[in-house]
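Between the sequences and the hints, there should be enough to build the whole structure, so can you do that?
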Amino acid sequence: MPYNVLIVDDSKSMRQVIRKVLGLSGFMVGDCLEASNGQEALDLLENNWVDLILSDVHMPVMDGFGLLRALRENQEWHDTPVVLITTESNEDRIQEAMSLGAKGYIRKPFRAESIRMHLNQILGVEEGHELPGTDDESDF
Amino acid sequence: MNYQAPMTKAISEVLETMFFLSIDFEDRVVSGHVGLCEARIPVWLEGGELTVVLSVAEDFARMAAANFLGVDDDKVDESEVMDVVREMANMVGGGFIENAGDHGARLGIPTFRRADGDISENDEGVPFSFMGDFAGVVSWKMSSSVPT
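Going down the list, the sequences are from chains H and Y.
1 is the number of the first residue of the first sequence in my numbering; add one for each residue after it.
1001 is the number of the first residue of the second sequence in my numbering; add one for each residue after it.
Just so you know, these hints were derived from the structure itself, not from any lab.
Some hints here could point you the wrong way.
[What the hints assert, rightly or not] If you want the footprint, here are the derived chain Y segments under chain H, 3+ residues with CB under 8 Å:
no.	region
1	1013-1021
2	1099-1113
[Stated by the list, open to error] Think about it this way: if two alpha-carbon atoms lie no more than 16 Å apart in a straight line, the pair counts; the simulated EDC-like pairs of lysine to aspartate or glutamate are:
no.	chain 1	residue 1	chain 2	residue 2
3	H	12	Y	1078
4	Y	1009	Y	1102
5	H	12	Y	1077
6	Y	1009	Y	1026
7	H	103	H	43
8	H	12	Y	1080
9	Y	1009	Y	1098
10	Y	1075	Y	1059
11	H	12	H	51
[What the hints assert, rightly or not] Far from chain H, by Cβ distances over 10 Å, these chain Y residues were calculated:
no.	residue
12	1005
13	1024
14	1035
15	1063
16	1068
17	1074
18	1083
19	1095
20	1116
21	1140
22	1142
Don't be surprised by glycine CBs; every beta carbon is placed ideally from N, CA and C.
Written out as structure tokens, the structure reads:
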């Protein structure tokens, strides 16, 4: 089943890298949308359906916490899995993100393998069911 | 606190994992004139605000951007170089906090500027080279202000 994914990061380059990593990770990615902050993400969600949101934390306009709060208050989106991909290592802040509904977090810098493992776990994909050619240890 | 060791580890980790660049750390910056891409990021520690400055040579910045994006050097445009250097500083700052063990620290949003100037010896920093050439330096400055 292809997953529609929304990548939220204020770095266009990082969005490109995450998109590429997703492709190499063996996920069936359907539509892959991009937003540069939480508010842009919410605007996109008004007219698009996504199955998974991958979001940075530190962003201008609306950060990852603002996005999590807004999604939690929205009937349509409050169950959509959100995974934070971030440099944040403050344990209190990570706990706060989890309490706001984040399903996981991946710390930057990351390896493709760690993204695959996290997403498999969150989306309930059994290990070994990925597409062929994705079981290497390469970074990207 | 000695920031040298956690910063050195962060630089190495970020450049190897995300940019596929294996660098050498130098004892000091060799003075010279070089075009620099500079990203600054505030780090709020328990004792105040630390400004971390990542300055990388123009050629090194372009190569890092190309590696990061998985394209040839000549396919990288200026906005991508700027964006990638900012993101590099963001990850170095995050890694530094993690390595320093300050789990209450907070990271700000990086800013970028292009600087064409003289490099001078800098004791408060971590200079590094790539293939024998100056590649960059990460320096820091503590201010007395605390976050509000």
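Right, here's what the structure says about each hint:
1. 1013-1021: Three-residue rule met by the region 1013-1021 of chain Y, so holds; n is 5.
2. 1099-1113: Since three or more residues must qualify, the claim that chain H covers the region 1099-1113 of chain Y holds, with 7 doing so at under 8 Å.
3. H:12 with Y:1078: OK: residue 12 of chain H and residue 1078 of chain Y at ~13 Å, within 16 Å.
4. Y:1009 with Y:1102: At roughly 15 Å apart (the allowed maximum being 16 Å), residue 1102 of chain Y and residue 1009 of chain Y satisfy the hint.
5. H:12 with Y:1077: holds, 13 Å
6. Y:1009 with Y:1026: Roughly 14 Å between the alpha carbons, so the hint for residue 1009 of chain Y and residue 1026 of chain Y holds.
7. H:103 with H:43: Given pair residue 103 of chain H, residue 43 of chain H is violated - Cα atoms ~22 Å apart, limit 16 Å.
8. H:12 with Y:1080: holds, 8 Å
9. Y:1009 with Y:1098: holds, 10 Å
10. Y:1075 with Y:1059: Distance ~13 Å between residue 1075 of chain Y and residue 1059 of chain Y Cα, so the pair holds.
11. H:12 with H:51: violated, 21 Å
12. 1005: holds, 17 Å
13. 1024: The claim stands: residue 1024 of chain Y keeps its Cβ more than 10 Å from every Cβ of chain H (closest is about 19 Å).
14. 1035: Nearest chain H Cβ is 20 Å from residue 1035 of chain Y, so the label holds.
15. 1063: holds, 14 Å
16. 1068: violated, 6 Å
17. 1074: Residue 1074 of chain Y is indeed farther than 10 Å from all Cβ atoms of chain H, at 17 Å.
18. 1083: At about 5 Å from chain H, residue 1083 of chain Y fails to clear the 10 Å cut-off, so the statement is violated.
19. 1095: It is violated; residue 1095 of chain Y is separated from chain H by about 7 Å at its closest Cβ, not greater than 10 Å.
20. 1116: holds, 23 Å
21. 1140: Residue 1140 of chain Y clear of chain H: closest Cβ-Cβ about 16 Å, beyond 10 Å.
22. 1142: Holds, because the least Cβ-Cβ distance between residue 1142 of chain Y and chain H comes to about 19 Å, which exceeds 10 Å.
Hints 7, 11, 16, 18, 19 from the earlier list are contradicted by this structure; the remaining hints agree with it.
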